[in-house]
Every structure is written in structure tokens, then in C-alpha cells.
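Now for the letters of each chain:
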Amino acid sequence: MTDFDFKDRYSRQIRFRHIGEAGQARISQARVAVVGLGALGTASAAQLARAGVGYLRLIDRDVVEPSNLQRQLLYTEEDARNATPKAIAARNALAAANSGITVEAVVDDLDASNAEHLLADVDVVIDGSDNFEVRYLVNEVAVKHNIPWAYAGAVEAHGTSAFLRPGRTPCLVCLLGHGARVGHDTCDTVGVISPIVQWMASYQVAEVLKYLSGREDALSNAILQADVWHTDVRLIRMGGPKPDCSCCGRREFASLGAGRRALSVTFCGRQTIQVRPQEDVALSLPALAERLRPLGTVRANEALLQFETEGVALTVFSNGRALVHGTDDPARARSLYAQYIGM
Amino acid sequence: MRIRLNGKDVSLPDGMTLRDLVRHYDLDGEPVAIERNGQIVDRQAFEAEVIQEGDVIEMVRFVGGG
Ligand SMILES: [Zn+2]
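One line per chain: the protein sequences are A and B, in this order.
Be aware that the first sequence starts at 1, since it is given in the working numbering, and climbs by one per residue.
Be aware that the second sequence starts at 1, since it is given in the working numbering, and climbs by one per residue.
Keep in mind the hints are simulated off the structure, nothing from the lab.
We put the beta carbon where it would ideally sit given N, CA and C, even for glycine.
Just so you know, not all the hints are guaranteed correct.
Here are some chain B residues the structure puts well away from chain A; computed CB gaps all over 12 angstroms [as the list claims (entries may be wrong)]: (1) R2; (2) T17; (3) E53; (4) D55.
Ranges of calculated distance between the beta carbons of each label pair, as one might list FRET restraints [what the hints assert, rightly or not]: (5) A:G239 to B:D9: 23 to 33 angstroms; (6) A:L73 to B:Y25: 32 to 42 angstroms; (7) B:V41 to A:R81: 42 to 52 angstroms; (8) A:V265 to B:V41: 36 to 46 angstroms; (9) B:Y25 to A:G239: 18 to 28 angstroms; (10) B:R23 to A:R9: 48 to 58 angstroms; (11) A:P277 to B:R4: 53 to 63 angstroms; (12) A:D227 to B:D28: 16 to 26 angstroms; (13) B:V41 to A:D232: 19 to 29 angstroms; (14) B:A45 to A:G100: 41 to 51 angstroms; (15) B:G38 to A:E65: 40 to 50 angstroms; (16) A:E252 to B:G15: 29 to 39 angstroms; (17) B:V10 to A:R270: 29 to 39 angstroms; (18) A:D227 to B:D9: 12 to 22 angstroms.
According to the in silico footprint, chain A covers these stretches of chain B (three or more CB under 8 angstroms from chain A) [said to hold, decoys possible]: (19) 32-38; (20) 42-51; (21) 56-66.
Starting from the given sequences, assemble the full structure and let the hints guide the process.
Right, here's the structure in full:
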């Protein structure tokens, strides 16, 4: 708990007449989940933590890498050197910034098997993910459990953001149908600069603060699209949901229906493949470290183990999940997993 | 015909549909939402909606990266 006076700490936000003391009290009671802790997720999470959102759940499967430092403002060189899981590094940074709130770190991939468990008990979900697979899943949980969520995305110097409320605005499927999953630009392929990410995160957080402080009347109900390099801003009014939408109209939840984690292999960026067992397992990282030490370089802490040998590297978590670095071939990733972790 | 697209006046061939417009800007298959004269258009209707002289169209790309 913090030794700072509540009213003093949040005085500038309370003095802002559209929030006030009542709004601040509601913000302090609120629970928010942030899915993905890249540039967008960390920017949004930092603003929400400092604004005093009472409970934050930070969900990310990856570890901090040197290429993150250019725009992911919560992470340090030390985090990148240690390959600290992003959720843990972000939680530590935010706990240091505001000890008066609760921040929970979840080092895991959001998928159909855990999405409802991780998202159904919050007031708002913030999308900080880098792919549409996760966004369709978030959209389904949001519609099913009537939770507003904020979409944002950014590549190069342009980005898009919208605050989607089930039953009041269109949902992601109303807007895009189901066909938006493959073949789009990523930060790995075309790059991204920090200002557009910060802008989209700020728009996202502004809408969320309006909603959490009880000022739904102030919501923009618009999709923001901006380009900071060509200096262009568009705002598109959303209107209501599509009555015959398969997701929010007919309540068919295709992504959640996919059920158990059948997929054991997923691509996560250039030259990195995630491999995970069908069910979580309790892996002894110290024992694994002992087995691998003769075969290459091993670094381990309580959360993860890193193993490097002959051009490949594995990051292994205690629930059996592993990131295989240095290949784009799923079969090779599977065989390296089998080869070194042995399942 | 002339229309206003994302705040700029542009000339397009007559008879173009919204689907043609998406293709014209090389965004086929991309996550795109279109507002035509203040109304968001259902994605399934892109093929059938013929653009008219003077239309005001906003075309938004939903961006993937985070
Ligand atoms: Zn819908």
C-alpha cells in the first residue's frame, strides 16, 4: 500500500471536471486486462496504472528482446539482457510507479482454452496484441460476457483504434467479417515508430477512462485512423451493431468453439516458433538445466530457462511451453523441442 | 466521376463498386472497413454497392501490429 494521500496523488485527474472525485473513485474500483505487452500494451498499461485503475492483469507470452527497447517504454536494457518475461518486467515497472494498485502478471499465450478464465472477470479489455487471431478471440469473450474492449493496431507510422461495446457499437466481426486473419503487415516486416503507437494507446486509454469513470456520454463511438508521417487523421462514426452479425447477433463463437489447445505450434515473429504441449505440464527447470548443460549454454531462473546451441536457441517455461528461436520451420521447431526438452 | 475519399477529391472510373475501390488501392483481403456518406457498409455488400458521383467515402484499414 502506498503512503501517498489519495486525493493529492490523483488531484490533477480529480480536478479535471469531467472526471472529478466520483469518476476517480470509479476508476480506482475498476479491473482491466491488457492482452499483449508490446508497445501498445505497455503504453496503455502505464497510463492506466498511473491513472489509478485498481486492478490490472497483464497477459503476454514473450520475453523482452533488444529490438523492443526502441518503443516499449516500460522495459530496460537489463530486462532484455535477462530475457525477462514481458508480463513480469511490466508488472515490476508498474508496481514501482504505483504501489496503491494491484498488478497481476500472466506469462502465457491467450488462447481458446484460457481466454474466458483470463478475461471474463474484468470491466474492460485492452488489446495490445499484434495479431487478429487473438483479437477475434478477445472480441468473442467480450460479446459473450458483455465486456467492452479497446482495439488498437499500429505499423510503420499509421494506426487504427476503436472502443467496442457489445450491443452498443459494432463488434469486430460486424466491422470486418471473419476474413481478416492472414497476410497483413507486421512490425517485424515493415517496422513501426513509437509516436504512432503512443497515439493509438492514448486514444484507447482516453475512451477507457471515459467508460470507467461513468462518462459513456463522452465516448467518441468512432474509429480513429491516423498517420504521423503523412500527418493525416480520419474519424469514422460507428453506429450500432449489425443485427445479423454471426458473433454479436447470432452469438456464434467460432474462435472459442475451437476449444482445447489443439494447435501445438504457432509463429510468433521472425525466426521464432512457439511449441506447447496439449496440456500444461509441471516441468522442473533446474532438472532440465542439468540435462542441457553438457549440450550448450544454459541460463535459468525461476520463470524460464534459456538454452543455446549451434544456431538455435530455446526459451522454456515451467508449464512446458517453449519458444524456438532460429527457425521458421514448424517441423524443425517440433523436433528441436522433442530433441532437447523431450516430450 | 469525382468522389471525396478520406478527405481528398479523387477521380475514379464510372460504375466502380466498393469492392473495386478496395482492389484499386491494393487492399483486397486486408481488414478494411468503409463508411459511405456517413454509414458503415456491411463487408458483404462491397460487391453490390456502386459508387456514385459526389459520394463521401472513408476507407479504414484495421492494422495488425502492436
Ligand atoms: Zn457483431
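A quick look at each hint next to the structure:
Non-interface status of R2 (chain B) relative to chain A is upheld: no Cβ of that chain comes within 12 angstroms, the nearest being about 19 angstroms off. T17 (chain B), annotated as away from the interface, keeps every beta carbon of chain A farther than 12 angstroms; the closest lies near 16 angstroms. No beta-carbon of chain A is positioned within 12 angstroms of the beta-carbon of E53 (chain B); the least distance is around 22 angstroms. Once the 12 angstroms rule is applied to beta carbons, D55 (chain B) is consistent with being away from chain A; the minimum gap is 14 angstroms.
G239 (chain A) and D9 (chain B) have their C-beta atoms about 25 angstroms apart, which keeps the hinted 23 to 33 angstroms range intact. Between L73 (chain A) and Y25 (chain B) the Cβ separation comes to about 33 angstroms, which falls inside the hinted range of 32 to 42 angstroms. For V41 (chain B) paired with R81 (chain A), a C-beta distance near 50 angstroms keeps the hint of 42 to 52 angstroms intact. Range check, V265 (chain A) to V41 (chain B): about 37 angstroms between beta-carbon atoms, so the 36 to 46 angstroms window is met.
Range check, Y25 (chain B) to G239 (chain A): Cβ separation about 23 angstroms, and the 18 to 28 angstroms hint holds. Between R23 (chain B) and R9 (chain A) the CB atoms are about 54 angstroms apart, so this pair conforms to the stated range of 48 to 58 angstroms. Evaluation of the 53 to 63 angstroms hint for P277 (chain A) and R4 (chain B) yields a pass: the beta carbon distance comes to about 54 angstroms. At roughly 21 angstroms, the beta carbons of D227 (chain A) and D28 (chain B) sit within the given window of 16 to 26 angstroms.
Remark: the range hint 19 to 29 angstroms for V41 (chain B) to D232 (chain A) is upheld by a beta-carbon distance near 21 angstroms. At roughly 50 angstroms, the beta-carbon separation of A45 (chain B) and G100 (chain A) lies within the given 41 to 51 angstroms, and the hint holds. Between G38 (chain B) and E65 (chain A) the beta carbon distance is about 44 angstroms. The supplied range of 40 to 50 angstroms therefore holds. Distance hint for E252 (chain A) and G15 (chain B): a CB-CB separation of about 36 angstroms, consistent with the stated range 29 to 39 angstroms.
Look at V10 (chain B) against R270 (chain A): about 36 angstroms separates their beta carbons, and that is inside 29 to 39 angstroms. Between D227 (chain A) and D9 (chain B) the CB atoms are about 19 angstroms apart, so this pair conforms to the stated range of 12 to 22 angstroms. Only residues whose beta carbon comes within less than 8 angstroms of a beta carbon in chain A count, and the stretch 32-38 of chain B has 4; three or more means the coverage holds. With 3 residues having a Cβ less than 8 angstroms from any Cβ of chain A, the stretch 42-51 of chain B passes the three-residue criterion, so the hint holds.
Counting residues of the stretch 56-66 of chain B whose C-beta lies closer than 8 angstroms to any C-beta of chain A gives 8; at least three are required, and the coverage claim holds.
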